[in-house]
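K.L.:
So the protein sequences, as listed, match chains A and B.
Going by the working numbering, the first residue of the first sequence is number 1, and it counts up by one from there.
Going by the working numbering, the first residue of the second sequence is number 154, and it counts up by one from there.
Hints were generated in silico from the structure; no laboratory data involved.
One or more hints might be untrue.
[What the hints assert, rightly or not] Just so you have them, the derived chain B footprint on chain A, three or more residues with Cβ under 8 Å: (1) 116-125; (2) 137-147.
[Stated by the list, open to error] Here are the simulated PhoX-like pairs of lysine-lysine, each with C-alpha atoms no more than 25 Å apart in a straight line: (3) A:LYS117 with A:LYS51; (4) B:LYS182 with B:LYS214; (5) A:LYS93 with B:LYS270; (6) B:LYS270 with A:LYS61; (7) B:LYS182 with A:LYS146; (8) A:LYS75 with B:LYS279; (9) B:LYS279 with B:LYS299; (10) B:LYS228 with A:LYS52; (11) B:LYS284 with B:LYS246; (12) A:LYS51 with A:LYS91; (13) A:LYS10 with A:LYS146; (14) A:LYS79 with B:LYS195; (15) B:LYS228 with B:LYS195; (16) A:LYS91 with B:LYS299; (17) B:LYS195 with A:LYS61; (18) B:LYS195 with B:LYS205.
[To be verified] With the Cβ distance kept under 7 Å, some of the chain B side facing chain A (calculated, not the full set): (19) PHE191; (20) ALA208; (21) LYS214; (22) ILE304.
Cβ coordinates follow ideal geometry from the N, Cα and C atoms, glycine included.
Protein chains: 2
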Amino acid sequence: MDQLDNIDLKLLRLLGEDSRLTTKELAAKVNLSPSPVFERVKRLEAAGYIKKYIALIDAEKLNYGLIIFCNIRLKQHDKSIGHQFVTDIMKLKEVVECYNISGDYDFLLKVYARDMKHYQDFVFNKLGSVKSIGSTHSTFVMCENKNTHNINF
Amino acid sequence: MDQLDNIDLKLLRLLGEDSRLTTKELAAKVNLSPSPVFERVKRLEAAGYIKKYIALIDAEKLNYGLIIFCNIRLKQHDKSIGHQFVTDIMKLKEVVECYNISGDYDFLLKVYARDMKHYQDFVFNKLGSVKSIGSTHSTFVMCENKNTHNINF
DNA sequence: CTTGAAAAATGGAGGGT
DNA sequence: ACCCTCCATTTTTCAAG
Chain A
1 MDQLDNIDLK LLRLLGEDSR LTTKELAAKV NLSPSPVFER VKRLEAAGYI
51 KKYIALIDAE KLNYGLIIFC NIRLKQHDKS IGHQFVTDIM KLKEVVECYN
101 ISGDYDFLLK VYARDMKHYQ DFVFNKLGSV KSIGSTHSTF VMCENKNTHN
151 INF
Chain B
154 MDQLDNIDLK LLRLLGEDSR LTTKELAAKV NLSPSPVFER VKRLEAAGYI
204 KKYIALIDAE KLNYGLIIFC NIRLKQHDKS IGHQFVTDIM KLKEVVECYN
254 ISGDYDFLLK VYARDMKHYQ DFVFNKLGSV KSIGSTHSTF VMCENKNTHN
304 INF
């Protein structure tokens with residue numbers, strides 16, 4: 001699949017907002033019949049433009065009301081230490097996102113916790129047992145103003 | 154809907170990973186027949202545990218290869234300035250997430266850009282025209298190691 | 001891309017524990 | 001209250017033109 005036309009892009013935008021739109025509904029929105037839309041979507045899936053379909057779950061309703069961005073500095077910076085850190089961090093269910101970043105710190109984690117007590121336990125007992133960590137700095141989210149989960153292309 | 158049993162939680166976990174699982178497939182995984190599973194999912198949707206269904210689009214394939222976390226300090230901290238900032242920032246398509254945070258800065262933005270040139274343009278021309286901004290600090294993502302898009306409850 | 005038809009899933013009625 | 005087994009309707013999926 002070499003390049004996308006405007007209809008492909010529109011389908012991606014629509015599905016990125018609401019993946020429960022039926023082929024018929026998509027067809028109406030792009031002024032085509034269902035069959036070609038179906039084929040286009042299959043092609044977009046096969047070519048990897050659509051990575052997966054998920055349901056967005058309300059974290060607050062499940063008593064995960066606290067979001068924290070946790071900056072982490074490693075003790076050393078060789079490749080194996082970094083790789084070990086990522087492997088260790090992957091196992092922690094509270095960690096939803098993990099980025100290798102530029103600047104003062106090496107990694108940025110997005111963490112979901114039930115409350116402060118839970119986060120304290122996470123930092124002391126879970127991060128505390130990851131040997132490669134040198135120091136951490138936590139930034140607490142007071143309000144999530146926007147989260148689209150997809151790029152707005 | 155007062156409280157969820159283990160089957161409800163399992164359904165949320167399954168749909169949070171793959172929302173294209175059919176009622177039949179979900180039923181097999183929780184050892185029930187399709188009908189009660191269908192009803193449970195509808196209840197979870199109506200009660201807001203499932204916020205929406207989306208397709209995850211590959212940003213890199215659409216030439217949005219650069220992720221930046223942009224820390225922002227406002228000039229002043231009264232309510233109306235903060236509200237105006239959020240309103241202005243919402244309109245910027247490059248901004249995918251926006252958080253009101255504790256610490257040295259007031260807001261944290263997650264930004265997707267095509268490349269450095271695009272990001273430079275974003276900072277100078279788009280953020281540059283948001284009057285409420287005092288100063289900014291950008292952290293560049295070198296590697297996205299993990300992004301689950303949902304809590305792991 | 002269109003038409004059209006088979007296969008599958010959705011969504012509901014009615015009954016059982 | 002919760003679950004099950006059908007069954008009609010709709011949607012998906014894939015031919016052939």
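K.L.:
For every hint, state whether the structure bears it out.
P.N.:
Hint check:
1. 116-125: violated (count 0)
2. 137-147: n = 9 at 8 Å, threshold three: holds.
3. A:LYS117 with A:LYS51: violated (35 Å)
4. B:LYS182 with B:LYS214: With Cα atoms ~33 Å apart, LYS182 (chain B) and LYS214 (chain B) exceed 25 Å; violated.
5. A:LYS93 with B:LYS270: violated (36 Å)
6. B:LYS270 with A:LYS61: violated (40 Å)
7. B:LYS182 with A:LYS146: violated (34 Å)
8. A:LYS75 with B:LYS279: violated (38 Å)
9. B:LYS279 with B:LYS299: violated (29 Å)
10. B:LYS228 with A:LYS52: Status violated; Cα separation ~41 Å.
11. B:LYS284 with B:LYS246: holds (18 Å)
12. A:LYS51 with A:LYS91: holds (22 Å)
13. A:LYS10 with A:LYS146: holds (22 Å)
14. A:LYS79 with B:LYS195: Given pair LYS79 (chain A), LYS195 (chain B) is violated - Cα atoms ~47 Å apart, limit 25 Å.
15. B:LYS228 with B:LYS195: violated (46 Å)
16. A:LYS91 with B:LYS299: holds (11 Å)
17. B:LYS195 with A:LYS61: holds (16 Å)
18. B:LYS195 with B:LYS205: The hint holds at about 12 Å.
19. PHE191: violated (14 Å)
20. ALA208: holds (4 Å)
21. LYS214: At about 5 Å, which falls below the 7 Å cut-off, the nearest Cβ of chain A leaves the hint on LYS214 (chain B) intact, so it holds.
22. ILE304: Holds - the Cβ of ILE304 (chain B) comes within 7 Å of chain A, reaching about 5 Å at its closest.
Figure legend: structure checked against the earlier numbered hints; hints not met, in rising order: 1, 3, 4, 5, 6, 7, 8, 9, 10, 14, 15 and 19.
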